[in-house]
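J.: Let chain A serve as the given structure and place chains W, D, V, Z and S on it in line with the hints.
Protein chains in written order, with the numbering used here: chain A, 4 to 253; chain W, 4 to 253; chain D, 4 to 253; chain V, 4 to 253; chain Z, 4 to 253; chain S, 4 to 253.
DMTMM-like mimics (lysine to aspartate or glutamate), calculated; alpha carbons at most 25 Å apart, straight line:
no. : chain 1 : residue 1 : chain 2 : residue 2
1   : D       : Lys205    : D       : Glu63
2   : A       : Lys59     : A       : Glu71
3   : D       : Lys59     : S       : Asp151
4   : S       : Lys205    : A       : Asp213
5   : W       : Lys59     : D       : Glu159
6   : W       : Lys59     : D       : Asp105
7   : A       : Lys59     : Z       : Asp105
8   : Z       : Lys205    : Z       : Glu71
9   : S       : Lys205    : S       : Asp82
Now the stretches of chain D that chain S is said to cover, found in silico as 3 or more residues with beta-carbon under 8 Å:
no. : segment
10  : 39-49
11  : 87-99
12  : 124-136
It is worth saying that the hints were derived from the structure and are not from the lab. Don't be surprised by glycine CBs; every beta carbon is placed ideally from N, CA and C.
Number of protein chains: 6
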Amino acid sequence: MAATPSLLVISAHAGDFVWRAGGAIAAAVLRGERATVVCLSFGERGESASQWLAGKSLDEIKALRRAEAEAAAAALGADIEFLDLGDYPLRESPEAVARLVDVYRRTQPTVVLTHTLTDPYNGDHPAAARMALQARVLAQAIGVAGADGSFPTTDEIIGAPPVFFFEPHQGEQCDFRPNVLLDITDAFPHKRAAMECLPAQKHMWSYYTDLAVRRGVQVRRNAGPNLGLPHETMGEAYVRYYPQVTGVLE
Amino acid sequence: MAATPSLLVISAHAGDFVWRAGGAIAAAVLRGERATVVCLSFGERGESASQWLAGKSLDEIKALRRAEAEAAAAALGADIEFLDLGDYPLRESPEAVARLVDVYRRTQPTVVLTHTLTDPYNGDHPAAARMALQARVLAQAIGVAGADGSFPTTDEIIGAPPVFFFEPHQGEQCDFRPNVLLDITDAFPHKRAAMECLPAQKHMWSYYTDLAVRRGVQVRRNAGPNLGLPHETMGEAYVRYYPQVTGVLE
Amino acid sequence: MAATPSLLVISAHAGDFVWRAGGAIAAAVLRGERATVVCLSFGERGESASQWLAGKSLDEIKALRRAEAEAAAAALGADIEFLDLGDYPLRESPEAVARLVDVYRRTQPTVVLTHTLTDPYNGDHPAAARMALQARVLAQAIGVAGADGSFPTTDEIIGAPPVFFFEPHQGEQCDFRPNVLLDITDAFPHKRAAMECLPAQKHMWSYYTDLAVRRGVQVRRNAGPNLGLPHETMGEAYVRYYPQVTGVLE
Amino acid sequence: MAATPSLLVISAHAGDFVWRAGGAIAAAVLRGERATVVCLSFGERGESASQWLAGKSLDEIKALRRAEAEAAAAALGADIEFLDLGDYPLRESPEAVARLVDVYRRTQPTVVLTHTLTDPYNGDHPAAARMALQARVLAQAIGVAGADGSFPTTDEIIGAPPVFFFEPHQGEQCDFRPNVLLDITDAFPHKRAAMECLPAQKHMWSYYTDLAVRRGVQVRRNAGPNLGLPHETMGEAYVRYYPQVTGVLE
Amino acid sequence: MAATPSLLVISAHAGDFVWRAGGAIAAAVLRGERATVVCLSFGERGESASQWLAGKSLDEIKALRRAEAEAAAAALGADIEFLDLGDYPLRESPEAVARLVDVYRRTQPTVVLTHTLTDPYNGDHPAAARMALQARVLAQAIGVAGADGSFPTTDEIIGAPPVFFFEPHQGEQCDFRPNVLLDITDAFPHKRAAMECLPAQKHMWSYYTDLAVRRGVQVRRNAGPNLGLPHETMGEAYVRYYPQVTGVLE
Amino acid sequence: MAATPSLLVISAHAGDFVWRAGGAIAAAVLRGERATVVCLSFGERGESASQWLAGKSLDEIKALRRAEAEAAAAALGADIEFLDLGDYPLRESPEAVARLVDVYRRTQPTVVLTHTLTDPYNGDHPAAARMALQARVLAQAIGVAGADGSFPTTDEIIGAPPVFFFEPHQGEQCDFRPNVLLDITDAFPHKRAAMECLPAQKHMWSYYTDLAVRRGVQVRRNAGPNLGLPHETMGEAYVRYYPQVTGVLE
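Okay, chain A solo, but in the shape it has when bound:
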């Protein structure tokens, strides 16, 4: 459709967007689209056990994780910003949502990626998803002011971009039943490069490479065996939240 493609990724912690949506981000950038990542926290408490064990301070840990996330975003070709809301728990508030409303209006996303609404293993993920979804609706209303109270400005409201939930750990326990399988074969080298910007989680590099292979097998199986997709097809899985709008069934 007419809007300029713009991808917005709302991530609870600093690393989530790399593992879970790195392929979609790199693919969008490869197509010449803009991609923006918003990290609601750095994951400084819940996902930095080794740094705490090494005696790092809170500020050191946040700085470290920020630097890693910036490097990974650069490897994917995406812009990145940090709201620094704190994690474990990530606290929901109208003020945080208002800041996200500003992000939506500034970036005018045509596609939004975020976490699933259910995750028994990490409450920050659903909290991020709830705020991302609430802000998306508020940003559509001309009567809703910006976070600084500026009010109202017609040219800033957004349309109704589709939202996709990316894949959680232990997805079966998170009601994650993917209805979109994304072919990320061409984008995968960039995703791999971004993963390698996160050296503390080196064991995840092969985990997420293997996952991309398995999702690639499903891309091929659901497309049919005789359609000529190569054996090395790589994939990512998503749940589309709103109905798809299309001119063609395919």
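T.: Just chains W, D, V, Z and S now, kept in the frame of chain A:
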């Protein structure tokens, strides 16, 4: 992808494909694709009350409904065939499924449309869907023979075409939660012409025109208010059964 | 509404209607309505362990269970008939459904009671429900003949009576989430009398009396503490399958 | 039952009760019952785009929407009050719930209508429903004080009135599967008059008239074709949240 | 596995743990394990109607319920503590969760029991469950400080203990579909003794004794008729929230 | 409990039990229990594409797959038998169920493993599960005769063994949400040896080895990080169908 587009519509009764999928069929034909409709029955017992009241015989009713369905298919630009399995109830059997396997292999569909798997108001619809889905899987296996026992022929097996369920009456009671909204604006005049080939159900013409308007409103709402879709957008709703395979999130 | 009240109860085995719907049946009869019970089998194989252990023959067991069910129906004030389709497993067939179509047209039910569609402990129950629901739809169509092929007769087709599923054993495993709580206080003595017609299952008398007490507590709780329902309120629980049609929200 | 009928409608924004429950409200008033509408906000930010575009101030918009809502309530014969909690987002708080507890105890509702608990298109609706449901439970407890701290007064606690969710936009995406179809034929002229008190949403008049027609068709279909309901039956759809308490299955 | 068994029960109100988990608690104590009960509130507003009617003050009611709960815990052999967060409504907050994190780290539970996540009759129960689950995840992270800000201490983080939801009132309305049936035959006398420490709810003694009998019947039925479980088997039902980890399918 | 452990695995095709339940089978055998595999078909049509392409006849393919399955069963230490019901489609019939009733009574299983009830990619799997579940219930009834009509024999009826569904391909599309994670570390070498008896599917060897590693990670995560399970823990995932009966929550 590489396969030549071919649309296969499996309909329990002679009229279902017109009301529920006429837009998708006409749109495919307008794009130059092939469309094939298979009617498992004529709807001679369950959907022909006025003819029974008028004293028509079973054979007369079947002939009448066949002629109407052929005219409607012609208006849409689709091929049509009839398996004449009987309705109310539509009886499932391995033999009927085998005939559908032959249809799949002959038409090599890239998209399949059929009924929902749940319908408390009409058991023939889920029965049709079960047979359509079973035949789709069997048709992929080289070891499965044709209905006449011919066996096995490599070049006939099919890929894994996506399946879409079309909209039932009283969809809320049928677990129909659409995840695809199809823009049928350009195709709608053809759908209307096909509906007018079914004069006995004249009250349905306006019902399904109104439904297309309402689904068109949802097309626009889910695409966002500022994307320039015209007010007269017409739509049809579908449930995609298998995950979507795509190279782009959009 | 205008139709004469007529209750139809479709029961997989000879005793089910007593334990599960005896209160509803007796209440209808007390209001002067007609009630008809159809037992699809006698429960001769799956629910007659003590008779088999006592060395009874199949015919003896069937006769015994028929006699007990007739006595229980009499205690409730209901008509009863037996299709003798066999149990464990109860086999579904178009012929059995056609016989049920005849029952529907003959009794013109305004309310239908049957089993739940899910029961991991007894496959005969869902089979009975599937046949009861299919026959209800077929009986509405003028084009569907009777079981003897007689065809078609305008004055026999039925309306669309509401269907209620009665309470299974271990309801939580059967997706039984009741949305109707029936006050059977006045009818309970008749239900108790009917239960006492089934001496082989004497331990069930107190089980189902206790259940009626507990369901009665829920009747009172869901109606509110201050509405004056007596402490000895007795109840039965049901799931309404189709939406309720009403002129008043209450 | 013994309580005097009293209908309480809890609406997130000023107009919701008209479109979604106007028939039920007018029908209750026609039966001589009391009806009270509580608007939690005016919908001043999220549902007043045209006023913002026309350069109106926040206070002007709130005054305008209050006046329209009052006129609509008068056309239905209902009392109306406004909590002015703000919208987009409607903020949940124990203080707002306490004010609703007071409303419950003052109006002693025998029936409650509110929004669905799920709505991906508008977070204010589920927020209203959550507060309505929480207040309903608190209002039953003698130990819970009023919003002003007054404490405790035996004669004020309420029973357990049934709750019905009214129909959202795009109900399929809101898990709206109606289990009650309300015949509003006689009340519809009053609903239409109330709708016409909201001139800014003139395009909704025909939308909701058409919806009433379609729900009326479902009223007739689920009641059966031969029960003599007129062709012009009008309807509204609801989801009953708690089990129905009844003395008769019908 | 290697950890010392420690049972943690998180209860919204002072009495919940007795009725719903008394058997599991006593059974753990009989096996020589430690059991700790945390009452988030005393149930002073929502579950003390008779004391309010008798003119007791808030402090008197809280003291009374504390004494009863302590006696019941002693009868079961469990430790007990009270967070006094207030009830009706039980307010969720990060501070309350932080206090629970401390409890988790102090008691190092190997099994956790709490309420279901859904309860249309009492919002305090899901609120307690949400806090119990959130604290369980936070307590696993070395970067999460204690409630007093003490930070970080390696030896305090916990593992991932299984969580079981205990049985609510009107469980069918609470999505309570038990997947664990616990044999509490030997523990039942202790549960009964604990119930008798709550004289104000004397009518519950027989209710929960009967429930234990019925759950005991289900223990026997699901174990099979020929396994030699005695007729007087008593049971409690639970929902396991996370997947079971086991070395043996049984 | 008192019964001698006996594991029964009901598999639609000849290879399913190896990939999906090989670990559970080998673990049972290592504990000294008996394990019996029943293959309902050889998978001769649906899962033997390479043999068909190589020009093998139906009988040759069946013989080949039988030999492979026998070798794999031997590697696991299990007995194996074949009902040869045909595949693609696997046809359900009362006669086939009666043969399974005989198997149940002969093997007296204390644990049953079979396919999931939903599988959009392979209809034979749910068909096998339906027959396995139906036979399990029938085998408990003394009134149900054997497949040869022998009737009735008290000592043959079975108890109510728990049933576990094993993991399908693309489990997310099959409603497979595992609630049991089985530690198969010690049994894995035997599973690997059994897999290597199926040389035509060599690419599956590494796929299922990797899956066992991933399920092993989940075993460790759900047991908690500090419980000392080794890094090389291997796992299989299951869905328990009936509630677990236990004396200890753990």
